[in-house]
Amino acid sequence: MRATTSSAFALEQVTLRRGDAVLLDGVTCEIAAGACTALIGSNGAGKSTLLRLLNRLDEPTSGVVRFHGEPLPDLDVLALRRRVGLVGQRPVLLTDRVLDDLRVGRPGLTEEEGTALLARAHLPAGMLLRPTAGLSGGESQRLCLARALAVGPQVLLLDEPTSALDPVSAAAVEDTVRDLIAGGLTVVLVSHDAAQARRLAGQVLVLRGGRLSEQGPVHDIGYLKERA
Amino acid sequence: MNPAVPTWAGVAASAALVGLTILLAWHGRLNLARDIAVAAVRAGFQLAAVGAILLLVFHHAGRAGAAGWLAVMVLLAGRVAAKRATGLPRALPIATASAAVATATTLGTLLALGVIAPDARVVIPVGGMVVSGAMQATALVLVRARDEAHAARPAIEARLALGLPSAEAFAPHLRSGVRTALIPAIDSTKVVGLISLPGAMTGLILAGVDPFTAIRYQIVVMYMLLAAAALAALTAARLAERAMFDDAHRLRPLTSPPSKARA
Numbered sequence: 013m014r015a016t017t018s019s020a021f022a023l024e025q026v027t028l029r030r031g032d033a034v035l036l037d038g039v040t041c042e043i044a045a046g047a048c049t050a051l052i053g054s055n056g057a058g059k060s061t062l063l064r065l066l067n068r069l070d071e072p073t074s075g076v077v078r079f080h081g082e083p084l085p086d087l088d089v090l091a092l093r094r095r096v097g098l099v100g101q102r103p104v105l106l107t108d109r110v111l112d113d114l115r116v117g118r119p120g121l122t123e124e125e126g127t128a129l130l131a132r133a134h135l136p137a138g139m140l141l142r143p144t145a146g147l148s149g150g151e152s153q154r155l156c157l158a159r160a161l162a163v164g165p166q167v168l169l170l171d172e173p174t175s176a177l178d179p180v181s182a183a184a185v186e187d188t189v190r191d192l193i194a195g196g197l198t199v200v201l202v203s204h205d206a207a208q209a210r211r212l213a214g215q216v217l218v219l220r221g222g223r224l225s226e227q228g229p230v231h232d233i234g235y236l237k238e239r240a
Numbered sequence: 275m276n277p278a279v280p281t282w283a284g285v286a287a288s289a290a291l292v293g294l295t296i297l298l299a300w301h302g303r304l305n306l307a308r309d310i311a312v313a314a315v316r317a318g319f320q321l322a323a324v325g326a327i328l329l330l331v332f333h334h335a336g337r338a339g340a341a342g343w344l345a346v347m348v349l350l351a352g353r354v355a356a357k358r359a360t361g362l363p364r365a366l367p368i369a370t371a372s373a374a375v376a377t378a379t380t381l382g383t384l385l386a387l388g389v390i391a392p393d394a395r396v397v398i399p400v401g402g403m404v405v406s407g408a409m410q411a412t413a414l415v416l417v418r419a420r421d422e423a424h425a426a427r428p429a430i431e432a433r434l435a436l437g438l439p440s441a442e443a444f445a446p447h448l449r450s451g452v453r454t455a456l457i458p459a460i461d462s463t464k465v466v467g468l469i470s471l472p473g474a475m476t477g478l479i480l481a482g483v484d485p486f487t488a489i490r491y492q493i494v495v496m497y498m499l500l501a502a503a504a505l506a507a508l509t510a511a512r513l514a515e516r517a518m519f520d521d522a523h524r525l526r527p528l529t530s531p532p533s534k535a536r537a
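Residue numbers (the working numbering), protein chains in the order written: chain L, 13 to 240; chain C, 275 to 537.
Be a bit skeptical, because a hint or two may be false.
[Said to hold, decoys possible] Quick list of the computed label-pair ranges, beta carbon to beta carbon:
id	chain 1	residue 1	chain 2	residue 2	range
1	C	ALA335	L	ASP86	35 to 45 Å
2	C	LEU468	L	GLY56	53 to 63 Å
3	L	ASP32	C	GLN320	40 to 50 Å
4	L	GLU82	C	ASP461	51 to 61 Å
5	L	ALA183	C	VAL465	55 to 65 Å
6	L	SER148	C	PRO428	13 to 23 Å
7	C	THR454	L	ASP32	35 to 45 Å
8	C	ILE469	L	ASP178	19 to 29 Å
Just so you know, these hints were derived from the structure itself, not from any lab. These numbers were taken from a predicted model, which means no experiment stands behind them. Where a beta carbon is used, it is the ideal one built from N, C-alpha and C, also for glycine.
Chain L with its partners taken away, still in its complex shape:
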């Protein structure tokens, strides 16, 4: 299968084994550019594993992953990761100060650029010079989003970005993600929350036991209808 022009990623017969365990089994799908695609399924279905293949934090045992038509191993991996950002489940802050955290991936970032990034992540400008130690879970996760945006990615991979947060913080992070999607960013969202997938995603991929069981527009997905 060749990627269509509107797809950011195309996976062809992607399998990932670790020891005897088959984490992904012959997954073939496309992920649209400029939209949000949700990867859903129960725990252990292979959602996070598939996400990590998209910026080469993991490598398939067999099969091909293409980004805008190019097989990932043909691309410079560091450049790829700057084009395809990743935010994990739990916020991981890397420095003692908000501005320094934003500068991890972009050392020359100015304070003005830092303030603009905070605004994109729905964080107040006054936070820029504050220590990271006092931030709430929701603020920390939005700072991680801002830090990923600092390197100017075309795609943002989000691995259950709200699952470790309280409902209020989760709603704030979701608002930020919704605005990023509306701004044209390609987002791949791993979620076990069917309602969140319905709220944010246009396309959905459903994984069961490492296999792709359903894919299509969010309103056509039986897995989501069963959980309405």
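Once you have looked at the hints, place chain C on chain L.
Chain C alone, transformed into the frame defined by chain L:
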């Protein structure tokens, strides 16, 4: 014979102290009397064997024998340090290479500058101290590198995901490991002579050398131990970083959890 060196009769008499220790252990019902006796006899035989071999090397094997002796010490040091770092990919070659680089560079510098004589009776004991210091620093760095890679995987992968190369992504964690490994060498250099009279100086004084001459040797020993620890730590850190990441700047899975490896 120097009167400061005990005779064999004196050595036998000092066994009275072992007898006293055994008596105290037996009296205190510590259940250690047998262990103490075995340890004391073992120490006697081991040192006698080493003394005999060194005598042979000094008199018959010369510089080639000294080089061989050093090579064996480096190999043993590599094994000991690598065993501490179970679970780290390629731990044995990394530990051996680190000890070898530190020993070759430190001893090579001392020999090239004419600080120590190129004789087996000098190179072997001095080399032993260098290898031992290098081994300790190597083990500390490898253990810290492995534990940091395990505990800080989310932070390391967060940096990798921002497009940082593996060396930069791991640098903050490796730096703390190298600092930890150098603390013993730096601290013992700081307090030398104040808290302890170190081995080389003590040995020379016991052998009848005047203290002001003995400290010259000790100063050289402290400087060389500092260099050996730093060289070993930095070599081990660099090699460990390369072993833990693949060509696509991915942190490899560590096969054994640190708690199990430390046990």
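Structure-based check of each hint:
Roughly 57 Å separates the CB atoms of ALA335/C and ASP86/L, a value that falls outside the hinted 35 to 45 Å. For the pair LEU468/C and GLY56/L, the beta carbons lie near 59 Å from each other, so the given range of 53 to 63 Å is met. Under the hint 40 to 50 Å, the C-beta atoms of ASP32/L and GLN320/C, about 47 Å apart, fit the expected range. Separated by about 54 Å at the C-beta atoms, GLU82/L and ASP461/C satisfy the suggested range of 51 to 61 Å.
Our hint of 55 to 65 Å for ALA183/L and VAL465/C holds, since their Cβ atoms are close to 58 Å apart. As the Cβ distance of SER148/L to PRO428/C is approximately 19 Å, the hint placing it in 13 to 23 Å holds. Roughly 38 Å separates the CB atoms of THR454/C and ASP32/L, a value that falls within the hinted 35 to 45 Å. The beta-carbon spacing between ILE469/C and ASP178/L, approximately 53 Å, falls outside the hinted interval of 19 to 29 Å.
Of the numbered hints given earlier, the model fails hints 1, 8; all others are met.
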